[in-house]
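K.L.:
If you want the building blocks of each chain, they are given just below.
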Amino acid sequence: MNAIRTFKYGGIGLPPRSLDVEYPVMTAFLPSDAVLPLRQHAGAPARRVVEIGESIREGQLVGKASGTGSSNIHSPIPGIVTGIRKMPDLLGGMVEAVTVALEGSFDRLGRKNEVFPWKGLSKHQIQRAIADKGVVEDDGSGSPLFDRLHDPKGSRGDCVLVINGLESDPWNGSAAAILRERSSAVREGIAILQRVLSPVRTLIALDDPGSPFRTEGARTEPGEDGPPAEVVILEPRYPQDLPALLAEALSGRKAPHPECLVVTAGTVASVYDAVALNRPQVERYVTVAGDAVKAPGLLRARIGTSIGELLEECGGFSSDPECILLNGPFRGTAVADLDFPILKTTKSIVALTSAATLRSRTTACLRCGRCIVACPVRLDPSRLYKCIVRGKTKEAMAEGLDACTECGSCAYLCPSRLPLSQAFSLARSRTVRAGRAAGGRVS
Amino acid sequence: MSANRRGLLVSSAPFVHVRESTTTLVLLVLICLVPSLGWAVFLFGVDVLLIVGLSAVAAVATEASLNLLRGRRTLLDGTALLTGVLIGFSMPPSAPLHVPILSSVFAIAVVKWSFGGLGSNWMNPAMAGVVFSHINWPGSLSTWKAPRFLTGVDGVSAVTPLGLLRNASGHVEGLPMDLLRDAGYRISGLDKGITAWLNDVPLSRLGARLPEGYVDLALGIRPGSLGEMAGLFLLIGSIILIARRAVRWEIPAACAAVFGVLVRLFGTGSEPLFSGDVLFALFTGSFLLVTFFCATDPVTSPMSRPGLILYGSGVGALVFLFRRFGAGPEGTAYAVILMNCLVSWMDAVLPAAGFRGRGERLPGGAG
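Protein chains in written order, with the numbering used here: chain A, 14 to 456; chain B, 545 to 911.
Just chain A, same shape as in the assembly:
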């Protein structure tokens, strides 16, 4: 249990950054206007169920899931719907968003939590609650947890439940904070998931040396729902939190058997909120970091709060940022609009100056081979890039472009500053679009 593991090939050991997180984590101010885009998950946008001028309560349903991959969206604050408009989403498209102006009284905030005796619920009822409360993976993918738990044919054989307590990158401290501050919620959440899945094993993957799970163990009650959870310490290594690499690191095998279901620690805490506290996913931990921020830190914020407000709470900018990134500099998205709201999937806001990004002019490939060594799926990024630049996307696909996880390790290390993973993601999305246009499968 104490052997420190990591995945097999590639990756980068990033310099650790002390985030100076103070516990307990500060709760951010409530937004006076919460902006709720109706897509905060993987699938189709949720269907709006409120009208302009309507007065709504805290936690009331605002958007209803429409199909697989979609999820319910609830209001984080009580108030009046003052706006319904289209706004840009992070994927380059437009999405409908509901604006709620804060008004009226809170039903839950400041009141004692009533813990529902969830042990009396059936598997199906638990799954229903998780779907109703709009629990989605909080790690950026946003896939609804219900879709991942739901197993209509009952064909899911033995599965291993993996709780991902790793930070995605050094600019993030949310996972460690959840495991420290909400450890009992996470423990209960694990028990709930064990009830639903009956996993053959439950593993908690950690890289935080001060985590209570490391010192006290997982301490879930061994019950009829499977053996107690085991704690596994992993060497902090980017991009270890990718589910496939995490499963590989834990099992030591490329294609782990039995199936691993990887759920982030924050999502597990949301499962507890949804099932035991009957509370929708409307709040999350957000790391505000980067060298352009005056007082970087962690905040507990309601979704719909604008990133500008959170940056303001962290003292604003100490110097002019070159870019502001949601979900970290490696896999995140740059935003230009500080009014953009916190979503269920927003882990971090990172504002960096040019001294931190170390951007410089692109030069020709030096063939130094660093990208090849860094690739966790053992691709040859320099070769793929050459193919794509020459317009031979098909050849790049044959060389394994499909397998790219877009972790960005190659482009991070490239001394020539070639936009490697940027080119890969562009080429892939083009191929997918071309495939769709042709009406066939992508070859």
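Hints listed in this document are in silico derivations from the structure and should not be mistaken for laboratory results.
Here the structure is a predicted model, which means the values were calculated and not measured.
Cβ coordinates follow ideal geometry from the N, Cα and C atoms, glycine included.
Check the hints yourself; a few may be wrong.
Claimed, not checked - Selected chain B positions facing chain A (in silico; Cβ < 7 Å):
#1 A557
#2 P558
#3 F559
#4 V562
#5 E564
#6 S565
#7 D621
#8 L625
#9 S638
#10 P640
#11 H642
#12 G663
#13 G870
#14 A896
#15 A897
#16 F899
As the list claims (entries may be wrong) - Computed footprint of chain B on chain A; a stretch qualifies when at least three of its residues, placed anywhere within it, have a C-beta under 8 Å from a C-beta of chain B:
#17 138–148
#18 404–416
As the list claims (entries may be wrong) - Simulated coverage check for chain A against chain B, where a stretch passes if three residues somewhere in it have a Cβ under 8 Å from a Cβ of chain B:
#19 344–356
#20 386–392
Keeping the supplied structure of chain A fixed, place chain B upon it in accordance with the hints.
P.N.:
Positioned in the frame of chain A, the structure of chain B alone reads:
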């Protein structure tokens, strides 16, 4: 706080980079060459600065004009400067000034830019420039100047250890150092002093004994090209380069190993079989300079580890062959550019990436 801040970067991830860039890597190599240059100035006088300086200026000026012609901006990456410096390093301290200048122009204009500049050079430009100079001006490149400490040697008729050995061997058999002594090669007072101390203090305890002459070789107190002199400084520089991962260790390791073993087995011309003088071979000629600073140029070396080892071994074996059987005393530059030409084949046969997921790449069939 304004809602929309102008000038914010909106591209795609990743947004951060490692500190190293092309420029910093080139800068590191240049810094590692500075002690050797300083030592050359100390040994031969400030004239050598003129040779290296003009060579570098010629290379940079050629790069600048080609930048203007082709509309690219590659001057600031520093690679042209490095090429010029390396060509200057390969010149004898008494080289006529037009030789390094024209060699640099050839290296940059023909070798580096014929296929489009940095990243497309088909040979190491510096080594190609050196070969160019050797073919064009063999006479002016075989007169040597005696360094400081080496007294009693005629300034014009000084001969490099390798050159002397080539003339001496063929008739006699014996260890290179003994042959050199018989041929009248001088050993400096500094060498005698240091060797005596080494033998008295640290080596006597180990029961070993260092013959005279090797300290001269390691410190470059011998006639030779100005940049190859300070073997010890070159070694220190190369340790820094390898530790900072600016070069890949597989190349010099394989090169030195193969070269050392072959020399041990077959000697460099005069020794009896199986008793070659490896130390002598490593510290004479431009072996260290070329192995650590020229053969390691990533643009003209393979990408996979087996490829790097094959390439390094090839350089080592060729250097041995040229030294043992070649017409001239040395052929390091020839060895490097020959192996450079095989790099694309090595990359095809020994692909660097381990991806086999789709199984569509046939072995050896990289298009």
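K.L.:
Run every hint past the structure and note whether it holds.
P.N.:
Status of the hints after comparison with the structure:
| no. | hint | verdict |
| --- | --- | --- |
| 1 | A557 | holds (5 Å) |
| 2 | P558 | holds (3 Å) |
| 3 | F559 | holds (4 Å) |
| 4 | V562 | holds (5 Å) |
| 5 | E564 | holds (5 Å) |
| 6 | S565 | holds (5 Å) |
| 7 | D621 | holds (5 Å) |
| 8 | L625 | violated (14 Å) |
| 9 | S638 | violated (35 Å) |
| 10 | P640 | violated (34 Å) |
| 11 | H642 | violated (30 Å) |
| 12 | G663 | holds (3 Å) |
| 13 | G870 | violated (29 Å) |
| 14 | A896 | holds (5 Å) |
| 15 | A897 | holds (3 Å) |
| 16 | F899 | holds (4 Å) |
| 17 | 138–148 | violated (count 0) |
| 18 | 404–416 | holds (count 6) |
| 19 | 344–356 | holds (count 9) |
| 20 | 386–392 | holds (count 4) |
Checked against the numbered hints listed earlier, the structure breaks hints 8, 9, 10, 11, 13, 17; every other hint is satisfied.
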